[in-house]
Structures are given as C-alpha cells and as structure tokens.
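**Student:** So you can see what is in the structure, the chains are spelled out below.
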Amino acid sequence: MNAKQKIAAQSLTGRHPELGTGPVSTDIYCDPQFYERELTGIFRRTWLCVGRVEQAPKVGDFFQKDLPTFGFAVIIARAKDQKLRAFFNVCHHRGNHVELRQSGHCVAFTCPFHGWTYGLDGKLVGVPDASGFFALDKSQLGLRQLALDVWEGFIFVNIDPAPSQTLAAAMGEQGRDLAGYAFDGGTAVFEYEGTIECNWKCMIDSFCETYHVPILHKHSVKETLAGPDNPYGRLIDCRLKGPHRTMSVWGNMAYTPNPVQGLAWQYSPGPAVTSGVRDERAVLPKGLNETRAPNWSLDVAVFFPNWLIVMGSGMYFTHQMWPLSANKVVWQMRGFLRPASNAAQRFGQENAMVELRDAVLEDCNTLERIQVSLDQGLITEMLYHDHEIGLRHQYHVVKQWVEDFERSFNPDHSAQEAP
Amino acid sequence: MPKAERGEKSLLPKGFKQLEPWVAEWVLADSRARLEKRITTPADRIRAFYDAMLAQAPPALAYLATRQLGALDAAEERLLKLLLSLAEMGPAVEWYGKGETLDGFDARRFRLVAQMPDNQTQRIPA
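Residue numbers (the numbering used here), protein chains in the order written: chain A, 1 to 419; chain B, 1001 to 1126.
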C-alpha cells in the first residue's frame, strides 16, 4: 500500500465548506491600504510573543524585545514580587530610553539623560532635583505598562491597553491542545533574523504547506519530508482551531541520512525533526501529531497572527513575522534544542541549526519573486491545492478579523473590499 | 605552523594528528565565522576538508562524547571546532555541492543574533 492511498488528495478542505474551494484574491498580500487596516484591526489588538520566562528567571532580570512592526522595543522585567511586567522603554520626563542594554540584571532603570529612576515594577522612584518641577506627582509617572501574560513559558504582550481577550482565550483550543509539551527543555537557543521583501503572510505560507517540499527543497528536506510513499509531500492532517491551525507533516522513516547528517543525528541531544526518529519518552500533548500517525516527523502550529512553532519530539523552533509594510517583513527564527550532555552533542546541535537555516534560505528568493508578481498586479488570484488549506484559512481569518474590528466601532461599516 | 603553536605539546588530542594540517584554516571563532567561511570558500576546497574530516569524525565524536563542554583543554577544543566546521560544511557538500544553498539567496541577509557558544557548559545549575 502506498501513501497515494494513505493520504487522500482531497481530504482536508472538504471538512470546511465555509472556506470554499475557488480561487482566492491576492488583495491581502499587496495592498498598502489593507496593510494599514491589518495594523489597526490585528497587530494593535492581538497578543504577540516576546520571549520566554527563562530569559528573566530571577528578580531583577530583564530583557528587551524589539517589535519591528511598531518601531520600538519593550522591556520585560521581573520585580521583587516575582511578577513579570512589560514596559515601553520610554522615560516619562522627555522620552529617552530608560534602559540601553538588551538584557541584564538591575535593581532599577535609570534614564541616562537626566537620571530619572524607575523600579522593576515600573514605579517612578527617583527624580534628581525634584523640587524644581511643578506639581510633580510621581505616583502617576511610572513607566507605561503593557498587558503581559504567559502561555507554557512563552511571554506575550498586547499593545491594546484593554485587550478584548485574555491570552488563554486567545490561544484557545490549539493552546490547550499543545500544553504540556516540554517547551522548557529547549535551553540551547539560537536565533536568526532577516528582512525579506515579501508580505508577512507569504512568509507564514512557506511553513503552512509541504506541497512545495519535493520541488523547491529537492536537494535538502525532500528526502525526509516526502518520499516514495508520499511523493507530492501531502500533509498527514491539518486542523483548524479558531484563527489558528496545526499542520502534521509526514516523515520518510525509510530515509538513510547523508554521512555528516547521520553523525549529527547520532550525536544529537534530542532527535532531529526530520530524522524519522521519535523520542519515545517525550510526552506528546493531544494536539501534537493528533492523528497519532506512524509516519510523523513534525507539526507546524501557527498561532494567529504572526507566530508559529515547528515541533518535533526532541526539538522545536519558533518563527515570527513582523511586517514593516505590505511587502516587507522582519522574520525571526528561534531554535530551542535540548542541552548537550557531552561535547560531541554540540556537533549535532550545530548541524541541526545549519540544516534548518539552509532550508529557510531556499525559500526566500521565491518569496521575493512572488511579491514582485503581487505588487505589479501580475497575479490577482491564487489557486490553492487541498493541502494548501492553511493558506486559504489564513485569508479568511485575516479578512474576518479586520472586517469584524471595523464593524465593531461602526456597525454600518460594510466590508470595503468584499472578495 | 606558528611558533607559539609548535611550543604546545600537540595541536589536537592524541590519535588525531592527521587532522593537524586543517587546524589553521578551519578552527574558527564561532557559528558566524563558519558560515562566512562556507560562503567564501571554493567548492573543491570545502570538499577536501569534508573528506578529510569525515574519515576521522566517528572516532573524534566518540572521543568528545567522553568530555564535557566548558571543561575541554585547548587541543580538545580545537578538535571540537574542526567538527563544528564539518557540521556547517555537511549540507554544502551533501545537499548543494557548493557553499551557497539552492537558488542562491544571500546567506548574509540572515543575521545570527543569538548563537550557542562553542565550548560552554549547557548544564542547568541545580
């Protein structure tokens, strides 16, 4: 029996008649006006991941996270009450940054301009020559705080001063279904960042379908994520959970690794996501390989709007897309590998990092070429394969969020650009 | 070989002497330097390093599996760094036959903003 029988060609989209099967407009990928609506209707009111609790484990620890879409960084700090808080890095006096280091440990933030000092809880505690000011009420002049909450050790903030949803509600069913995974076990961390000339959603699309794997990645991950039993790189499954979605990706268990790759897998602190090896001790939460397929390599869990986790049984990676305009995005990829228990495993870690980076590099020229076609109006509709359902889903979710938000403060407002 | 290095007992741990000719060129500072080396080195030169290293990699890894990061002596650290260069060159040889990836997107456009140190303990203090 081969996978042409095992994985049906038209099995996924049919479960979601609300998404339709017709061509989908490309308007959301290139229209500068729609981009402005996305900023207001999505990015300024959704929870955005800014890091992990391990980045500030002790009282006094802080780190900054740049939010390229907004052009500013936020400070995440742990105060004496053990609570994490998020602040805009802006002094109340004249607007200078109160902290210049990217991360560190301190007892207070002191603005390097005139020395105004703020506690780790954001309260203004010191103003040099305060008697020279007029009606200064220090209790009202703390650092401006952002909403912060934590899911499975990941820290999220919300730009909206009064978020419409709690983080738990926003993470929803997919958040519950992936809870319990050993996210805190990936303590060997690396991060790549790049600015790519494409729409932020195009970059997410790269991770949402494996139809392109046997062609675009023919020299790299084709042999592991597709194979004789699944020549077209069909997904095992795609589960839509509110605005989020999880794709389960097939793995070629019969693959024989290349020489260096094979040594890297042998000396890896956790099975590589493409190795076909499963860590049998790992606790796989309900939502990971939810169909419990035997030929499983990894899941891609996309959390709306701009964050996704590539999860295997022994390592995971996150990707985050920060739009700068309708056709430019800052992409950040963070790898979370298990710690090396001996010096040889550092070799396995390095190779995992390199293979992952190379595979993403393979995508990027294509993304930029697509964007030129979009910007020039040379393609106005996309034709999605059944196994590109994740892209179709994203289109509907993005449209719905923008239009629902606009309707919420103007009930008479009808969609400006109905598809 | 520089005089200072000749003064040491040996460049690499016992049993790995045949890899010494590769030390000067392929023991590199960190992951960033290894990528830079890959994209600036001709394919045949990468291949020569790959072939020489691959022959010794199984015993070298078995040796380092008995050692701890952060507790390596200078010779052991050099051996590890040769292997880390091999980890970077692996896909260059096994996937592409050259330093750059398929379709040639400029790898320098990816900035490695956080990297795993080459030789530092990763064990979490209790």
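Calculated from the structure, these hints are not laboratory results. Since the structure is predicted, the reported quantities are computational estimates derived from the model, not experimental observations. Incorrect hints may appear among the rest.
A few chain B residues that don't get close to chain A, going by computed Cβ distances all over 10 Å [stated by the list, open to error]:
1) K1009
2) K1014
3) K1017
4) V1027
5) T1041
6) A1052
7) A1065
8) R1067
9) G1090
10) A1114
11) N1119
Keeping only pairs whose Cα atoms sit at most 20 Å apart, straight-line, the calculated SDA-like set for lysine to any residue is [what the hints assert, rightly or not]:
12) A:K65 / B:L1112
13) A:K218 / B:Q1122
14) A:K222 / B:Q1122
15) B:K1098 / A:P259
16) A:K328 / B:E1094
17) B:K1098 / B:P1042
18) A:K328 / A:L367
19) A:K65 / B:R1111
20) A:K58 / A:K222
21) A:K222 / B:Q1115
22) A:K201 / A:Q376
23) A:K58 / B:R1123
24) A:K218 / B:F1016
25) A:K328 / A:D31
26) B:K1037 / B:Q1115
27) A:K218 / B:G1104
28) B:K1098 / A:K83
29) B:K1098 / A:H219
30) A:K65 / A:R85
31) B:K1098 / A:L216
32) A:K58 / B:Q1122
33) B:K1098 / B:A1114
34) A:K58 / B:I1124
35) A:K201 / A:R85
36) A:K218 / B:E1094
37) A:K328 / B:E1020
38) A:K328 / B:K1009
39) A:K83 / A:V53
40) A:K65 / A:D31
Glycine included, C-beta positions come from ideal geometry on N, C-alpha and C.
**Student:** Would you mind marking each hint as holding or not holding in the structure?
**Tutor:** Now for the hints, and whether the structure bears them out:
Against the 10 Å criterion, K1009 (chain B) stays outside the reach of chain A, whose nearest CB is about 19 Å from its own CB. No beta-carbon of chain A comes within 10 Å of the beta-carbon of K1014 (chain B); the shortest separation is about 16 Å. At roughly 19 Å, the least C-beta separation between K1017 (chain B) and chain A is larger than 10 Å, which holds for a residue marked as non-interface. Its beta-carbon lying about 14 Å from the closest one in chain A, V1027 (chain B) satisfies the requirement of being farther than 10 Å from that chain.
Consistency note on T1041 (chain B): stated as away from chain A, and its beta-carbon is indeed over 10 Å from all of that chain's, at 15 Å minimum. The claim that A1052 (chain B) is not at the interface with chain A holds, since no C-beta of that chain comes within 10 Å of its own (minimum 13 Å). In this structure A1065 (chain B) is not separated from chain A by more than 10 Å, as the shortest Cβ-Cβ distance comes to only about 4 Å. A beta-carbon of chain A is positioned within 10 Å of the beta-carbon of R1067 (chain B); the least distance is around 4 Å.
With a cut of 10 Å on Cβ distances, G1090 (chain B) falls inside the contact zone with chain A, its closest approach being about 3 Å. Residue-level check failed: A1114 (chain B) sits 4 Å from the nearest beta carbon of chain A, not beyond 10 Å. In this structure N1119 (chain B) is not separated from chain A by more than 10 Å, as the shortest Cβ-Cβ distance comes to only about 8 Å. For the proposed pair K65 (chain A) and L1112 (chain B), the alpha carbon gap of about 16 Å is at most 20 Å, so the pair holds.
Restraint check: the Cα-Cα separation between K218 (chain A) and Q1122 (chain B) comes to about 35 Å, which exceeds 20 Å; the hinted pair is violated. The suggested pairing of K222 (chain A) with Q1122 (chain B) is violated, with an alpha-carbon distance near 32 Å, which exceeds 20 Å. For the hint linking K1098 (chain B) to P259 (chain A), the alpha-carbon distance of about 16 Å falls within 20 Å, and the restraint holds. Of the supplied pair hints, the one linking K328 (chain A) and E1094 (chain B) is violated, its CA atoms being roughly 32 Å apart against a limit of 20 Å.
As the CA atoms of K1098 (chain B) and P1042 (chain B) are separated by approximately 7 Å, the hinted pair is consistent with the 20 Å bound. At most 20 Å may separate the alpha-carbon atoms for a hinted pair to count; K328 (chain A) and L367 (chain A) meet this at roughly 11 Å. As the CA atoms of K65 (chain A) and R1111 (chain B) are separated by approximately 16 Å, the hinted pair is consistent with the 20 Å bound. The straight-line distance between the Cα atoms of K58 (chain A) and K222 (chain A) is roughly 43 Å, outside the 20 Å bound, and the hint therefore fails.
For the proposed pair K222 (chain A) and Q1115 (chain B), the alpha carbon gap of about 27 Å is over 20 Å, so the pair is violated. With a C-alpha separation of about 18 Å, the suggested pair K201 (chain A) and Q376 (chain A) falls inside the 20 Å cut-off, and the hint holds. For the suggested pair K58 (chain A) and R1123 (chain B), the alpha carbons sit about 18 Å apart, so the restraint of at most 20 Å is met. With a CA separation close to 36 Å, the supplied pair K218 (chain A) and F1016 (chain B) exceeds the 20 Å bound.
With a C-alpha separation of about 12 Å, the suggested pair K328 (chain A) and D31 (chain A) falls inside the 20 Å cut-off, and the hint holds. A hinted pair counts as satisfied when its Cα atoms are at most 20 Å apart, and K1037 (chain B) with Q1115 (chain B) qualifies at roughly 16 Å. This hinted pair checks out: K218 (chain A) and G1104 (chain B) have alpha carbons roughly 14 Å apart, not beyond 20 Å. Restraint check for K1098 (chain B) and K83 (chain A): not satisfied, since their Cα atoms lie roughly 50 Å apart, outside the 20 Å limit.
Pair hint K1098 (chain B) plus H219 (chain A) holds up; C-alpha atoms about 12 Å apart against a cutoff of 20 Å. Between K65 (chain A) and R85 (chain A) the CA atoms are separated by roughly 13 Å; this keeps the pair inside 20 Å, and the hint holds. Of the pairs offered as hints, the one joining K1098 (chain B) and L216 (chain A) holds, with about 17 Å between alpha carbons and a cut-off of 20 Å not exceeded. Distance restraint check for K58 (chain A) and Q1122 (chain B): the Cα-Cα separation of roughly 18 Å lies within the 20 Å cut-off, and the hinted pair is therefore satisfied.
Restraint check for K1098 (chain B) and A1114 (chain B): not satisfied, since their Cα atoms lie roughly 26 Å apart, outside the 20 Å limit. For the proposed pair K58 (chain A) and I1124 (chain B), the alpha carbon gap of about 14 Å is at most 20 Å, so the pair holds. With a C-alpha separation of about 29 Å, the suggested pairing of K201 (chain A) with R85 (chain A) is violated against the 20 Å cut-off. Distance hint between K218 (chain A) and E1094 (chain B) is fulfilled; the C-alpha atoms sit about 12 Å from each other, no more than 20 Å.
Distance check on the hinted pair: K328 (chain A) and E1020 (chain B) sit about 46 Å apart at the alpha-carbon level, beyond 20 Å; violated. Note on K328 (chain A) and K1009 (chain B): the hinted pairing is violated, with a Cα-Cα distance of about 54 Å set against a maximum of 20 Å. The suggested pairing of K83 (chain A) with V53 (chain A) holds, with an alpha-carbon distance near 11 Å, which does not exceed 20 Å. A threshold of 20 Å between alpha carbons decides the hint, and for K65 (chain A) with D31 (chain A) the separation of about 28 Å lies outside it, so the pair is violated.
Checked against the numbered hints above, the structure breaks hints 7, 8, 9, 10, 11, 13, 14, 16, 20, 21, 24, 28, 33, 35, 37, 38, 40 and satisfies the rest.
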